[in-house]
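Enquirer: If you want the building blocks of each chain, they are given just below.
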Amino acid sequence: MRRRTFTVLVLLMALIAACGDGGGADTTTAGGTETTTGDTGAATTAGGAATTMAPEEGGSLEGVELSLWGWSSSDAENAALNDLVAQFSEETGAVATFQPQAEYDVALQAALTSGDPPDVFYVDSLRLPDLADAGALAPVPDGAVSNPDDIFPSLREAFTYDGTWYCPPKDFSTLGLIYDPDVLEAAGVAVPTTWEELATAAETLTTGDAAAIAAGTAQAGLSMGVEYARWGAFMFQNGAAITNEDNTAMTLDTPEAREALEFVAGLYQDGFAVKPAAVDAGWAGEAFGQGKAAMVVEGNWLPPAMAADFPDRNFAVAELPAGPVGPGTFAFTVCYGVAADAANPEASWALVDSLTNEEGSLAWTEAFTVMPARESAAAEWTSTHPDLEAFVAGADYAHRWGFVPGFGDVLGVLNPGLEGVVDGNMTLDQVIADTTAAGEGVLEG
Amino acid sequence: MTTGSGGRVDDPAPAVPVAEAPPIVSEAAPAAAGPFKVRRGTPLKGASGLGWLFSAPAFTGLLVFVAIPIVLTAWVSLRDWSGLVSPFATEYVGFENYNELLFEDGVRRTDLAISIRNNFYYVLFVVPMQTAIAFVLAVILNNKFLKGKGFFRTSYYFPSITSSIAVTLIFLFLFQTSGAINAILPGESINWFDNANGLFHNALGVIGIEDPPVWMIENGFMGVTYWQWIAGPSVAMFAIILLVTWTSIGTFMLIFLAGLQSIPESVEEAAKVDGASTFQTFWHVTIPLMKPTIFFVVTIGLIATWQVFDQIYATNFGGPQKTTLTPAFLTYFQSFTNSEAALGAAIAMLLLLVIMFSTFLQRRFIKSTGER
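Top line first, the protein sequences correspond to chains P and V. Counting along the first sequence from 1, when you hit position 125 you're at 125 in this note's numbering, and nothing is skipped either side. Counting along the second sequence from 1, when you hit position 149 you're at 149 in this note's numbering, and nothing is skipped either side.
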């Protein structure tokens, strides 16, 4: 008898252990979708709408469940997007929910691989070629996006791959020159508009070496990350770029590109520009906030970061100085992509359109510092953000931030190489040669 | 003494291992000979089934979370898979991914070579340092005249139970340009985590060799010049080496302590009676008796150090200038950032081979030192 009790106990324990394992497996694979649906659904949509119902009637969106995935920038942005999505649900009767993901790329990849992707998801312009090439994205159907010609051409271009337009932009940011007006005025320096003025201003505003700047006893004229996402803007200003317009050939090994890189590298080598890490800052915005730099090259994400971490810091935004050939900057943008396997494409595109049409894009950007991707909304946005006008001006001459699948390898050669140039253990010639070789491998392959 | 039983050596007397052996054999032999014999009428009836039952949860876990993923990784590494579609809808490409990583001149081979170089130096520093320091600490703590043992044990173990990300952030602050380490050390202040200079290069610079011989820059292996191969860990990697050593010694100290406490006092007393000095007792009695534990610690250390990821992710994503890039991080980068998941899988398989090979070498080494 005792023996049997023991066996039963053991069996029970084994069962419990096995269930524990099974439960664990469930939450790791499906948890991302299931649990968050429940949570956000309850929080955002009105109580009645949360009850599940089967999709019915081809044309109506009544009861159609839609999931929108993205990453979380700030609580305020999450709340604003939740409101817009809730409004769409209310108007159409669909049950759409915004589900921010923590490790976005990994989560999205797992969802795509398992064949159960979210209906609509954020796509960064850098990531678009990979996703389009893999066939994960549905192209924009005719008429699904209202008045497409109103969208800034450079932004539509950013989401066009192999001649196919995949998704309308959610918003965008450009790079500008952010400076401390008080410091510039005190030093008698005008806001630089050319390379020469930038070099002189950086020199005048620099008051010590990196160690002193890190310790907070001196200030650098300029702080800027050592990467193509910043230095590239200076190449555009000299009529150069890393690849040609349609990303079929490397164009880094040109006199124009070399001249631009030499100019920027020279600022660091002379000590007038510092990389953020050298002065104990995580990024240039932090260096600026801490008063370690008088000028930085950053984008629309800087004002909210200042408001959150350095609310007392005074700053102003100007367009990037123009180079010998003209102005140039980057446009960083994210779009709402619809999965190629979306369960209900019609409803998905309806959601995307409601978020990106004139009304939707203005409603989304009004409260924030990112800019609407539509020209018709730009004027109104500028009137509510007069201090950030320089960022909008950049839209006219901005270059897209996106290449071809596998280009991460090439930037993986260029960026560390540029660091080497700044640190003095590599030559620009070597970097240009290495990057060109790497790029040719990727562009051919 | 015989090695290879794998069990903890509780008593050095030769009689004991022999006495221990029979039950192990008698249990294993019938099962190997045929389960039917055991089932019918022997006193072991049901024992084998119960054994399977007991191990079923752990076995299921191993199968689902270890064995199947390894097989799938190997399978996926032979396909052209971006990681953005179902792997079952992809094309078989044979050893193309491996070929690209090992034989084709290009970024991917260079990246792999750099990551292996970085990780090799990391292992070379971390494993001996953490093993030696942990052993010394354990010996000190094992001293029966030491007061406040509990306090020391807790404080040495504390870094091991602290979140690795939290510890990494603290180290970032300590080693930054205006950080505490620079304040203590003389000389120019640098941000350690942002310095790509190799330690061996720096050392050569100190003794006056600034410029490498030409053949070392003009020739190389797997796309990395010989001069770069002998660079040693970068200053940034060295900061990570210090960080990891500091966090891991606690765990290994605890394992050593358990091993030391299983050595009966009588053995050491016998050695003393025979006239051995303290050092002789330590060298000729304690260390040989601790060999299974040392083997265990070094093996675990080797495997863990070849897989370093958290600290790399939390500091610089492989920078500055790729000098903290490791195969584990490269796998992550290729799989989740560069949409080359099959390539990432191939790197993971190569890393598995590297780990198996280094563990094998280490086994051979420890065995041969035992047969002196």
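Don't take every hint at face value.
[Claimed, not checked] Residues of chain P placed beyond 12 Å of chain V at every Cβ, according to the derived structure:
(1) Ala107
(2) Pro148
(3) Glu185
(4) Pro276
(5) Thr435
[Claimed, not checked] Covered stretches of chain V (in silico footprint by chain P; criterion: 3 or more residues with CB under 8 Å from a CB of chain P, positions within the stretch not fixed):
(6) 104 to 110
(7) 178 to 189
(8) 315 to 326
What the hints contain is simulated information worked out from the structure, not anything from laboratory work. C-beta atoms are modelled at their ideal positions from N, C-alpha and C, and glycine is treated no differently.
Enquirer: Take the hints in turn and mark each one as holding or not.
Expert: Tested hints:
{"no.": "1", "hint": "Ala107", "verdict": "10 Å, violated"}
{"no.": "2", "hint": "Pro148", "verdict": "26 Å, holds"}
{"no.": "3", "hint": "Glu185", "verdict": "28 Å, holds"}
{"no.": "4", "hint": "Pro276", "verdict": "9 Å, violated"}
{"no.": "5", "hint": "Thr435", "verdict": "9 Å, violated"}
{"no.": "6", "hint": "104 to 110", "verdict": "holds (count 3)"}
{"no.": "7", "hint": "178 to 189", "verdict": "holds (count 4)"}
{"no.": "8", "hint": "315 to 326", "verdict": "holds (count 4)"}
Comparing the model with each earlier hint shows violations of hints 1, 4, 5; every other hint is respected.
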